[in-house]
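Engineer: Now for the letters of each chain:
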Amino acid sequence: MIADIDVFVHPYAAADANSLLHLLVRQFGIGDWTNFKAAIAFCKQSGTIQELLDAMQAFAEGGGEIEMTFGADAFGGETKGSDYDALKTILTKFNDYPNVKIYLYHERWRTFHPKIYLFSNEERQQALLIVGSSNWSMGGLVDNIEVDVAIKLNLTERDHLACYNKMIKHIHDYWHEYQEEQETQ
Amino acid sequence: MTMRDGQGFAKLVTLETLDSFAPLLQKAGRGEGTGRGGRQRQAPADPELEAAEALFGGTSIRVRRPRAIYAPRRRPGLGIDEPAVTLDVIPIGRGQLIWRKINLPKSDVQIVRRQATNPTGGVRLTQARFTVEGRKIDQTTYFRNILFDGFPWTVIRQVPFKDATSVRFDITILGQPYGIRQLQISNKPSGEAGQANYTSTLHWGELGARVRELNLVGRTFNLYGPEEGTTEPYFIEIT
Numbered sequence: 001m002i003a004d005i006d007v008f009v010h011p012y013a014a015a016d017a018n019s020l021l022h023l024l025v026r027q028f029g030i031g032d033w034t035n036f037k038a039a040i041a042f043c044k045q046s047g048t049i050q051e052l053l054d055a056m057q058a059f060a061e062g063g064g065e066i067e068m069t070f071g072a073d074a075f076g077g078e079t080k081g082s083d084y085d086a087l088k089t090i091l092t093k094f095n096d097y098p099n100v101k102i103y104l105y106h107e108r109w110r111t112f113h114p115k116i117y118l119f120s121n122e123e124r125q126q127a128l129l130i131v132g133s134s135n136w137s138m139g140g141l142v143d144n145i146e147v148d149v150a151i152k153l154n155l156t157e158r159d160h161l162a163c164y165n166k167m168i169k170h171i172h173d174y175w176h177e178y179q180e181e182q183e184t185q
Numbered sequence: 001m002t003m004r005d006g007q008g009f010a011k012l013v014t015l016e017t018l019d020s021f022a023p024l025l026q027k028a029g030r031g032e033g034t035g036r037g038g039r040q041r042q043a044p045a046d047p048e049l050e051a052a053e054a055l056f057g058g059t060s061i062r063v064r065r066p067r068a069i070y071a072p073r074r075r076p077g078l079g080i081d082e083p084a085v086t087l088d089v090i091p092i093g094r095g096q097l098i099w100r101k102i103n104l105p106k107s108d109v110q111i112v113r114r115q116a117t118n119p120t121g122g123v124r125l126t127q128a129r130f131t132v133e134g135r136k137i138d139q140t141t142y143f144r145n146i147l148f149d150g151f152p153w154t155v156i157r158q159v160p161f162k163d164a165t166s167v168r169f170d171i172t173i174l175g176q177p178y179g180i181r182q183l184q185i186s187n188k189p190s191g192e193a194g195q196a197n198y199t200s201t202l203h204w205g206e207l208g209a210r211v212r213e214l215n216l217v218g219r220t221f222n223l224y225g226p227e228e229g230t231t232e233p234y235f236i237e238i239t
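Residue numbers (my numbering), protein chains in the order written: chain D, 1 to 185; chain S, 1 to 239.
The hints are simulated quantities; they were obtained by calculation from the structure and are not laboratory data.
Here a beta-carbon is modelled for each residue, glycine too, at the ideal position from N, C-alpha and C.
All the pointers check out, no bait thrown in.
Just so you have them, the derived chain S footprint on chain D, three or more residues with Cβ under 8 Å:
#1 84-96
#2 99-110
#3 167-179
Some chain S residues close to chain D (C-beta under 8 Å, calculated; not the full set):
#4 G8
#5 L24
#6 L25
Please model the complete structure; the sequences and the hints are all you need to start from.
Structural biologist: This is the structure we're talking about:
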């Protein structure tokens, strides 16, 4: 069980089976959450880790909603951000799951660079916000030198709720496909 | 409710639509992404990439940074009081050098008309022997279709055709900062005439009189891209 606020320093945490990968797999499986949202700069094929995808699939099959936004930045020339193959792997895995939505973000001259992972259960008024440097890759989730902070949010507390709402608003308003009728207040 | 600035840049992707986004994604066998900011659009136009980019739309949010105030200065010998300039950004960093013109001619730095605020004079954006990745730029497309194509262009004359846009530049001349100025860039494709003449001009606008006073003939005009992760300002440094 993680503390109310905790920091994960990779790869050292991985040596203790406490990497962000481990954390994500655990959180998908513990039954506390109903929603998972993520906004991640890069999605790499190395991040399509079987254990993680399987945990996500089990979460989705249990009715959990998954919404993830990855950056589709074209930096010029041959170098780009997210992997086509990684997207294809994820989309193939969840092609039959309407409760799993994947978005791509592309804005010319602006890099999509967040690394945010957010579990929530609004009915229980709880959330878990993970913010750090980890991209969706084996390096980001396990091997690289990365730092992530995990914050438990108690949505009955005003400041926690404000933080949560602010994060949700930005995700919905800017990092999901614009739908006029789905504007958050 | 209409789309706000910053919206419209995310698209739902499915297995069926993935290929339409493919030009924006890294393909197997190429280098890993480095996370560098998108300021390196100097490759030739790629229709497939442009088509993928066109799937996204919206108005970018303009960023603001802490306020800076430059106190008025009197320039010895010139009798000119430079007005206090209140900026809404502090120039923190700049992007890569994207163009350079050495040995500025009179026509680029002298404002002929008496009304200095009339934005007719400016720097001709020519090839100037500038190279990108070892190749000389094509000045007929480099400025209009590559560097500044992300800005809204307005047709200001049909025959002969001329369009223009307005871009914010952080300007430094001979070591002195002149703050952030909105300058017009005009483009006249009819200027080609098969002679590889200049087609774009960066107009000095309100800085015209000052540029003339400084007598910048023979100086070097350096144009830098915006700081990584931002869309403006661009940077002009005349040395």
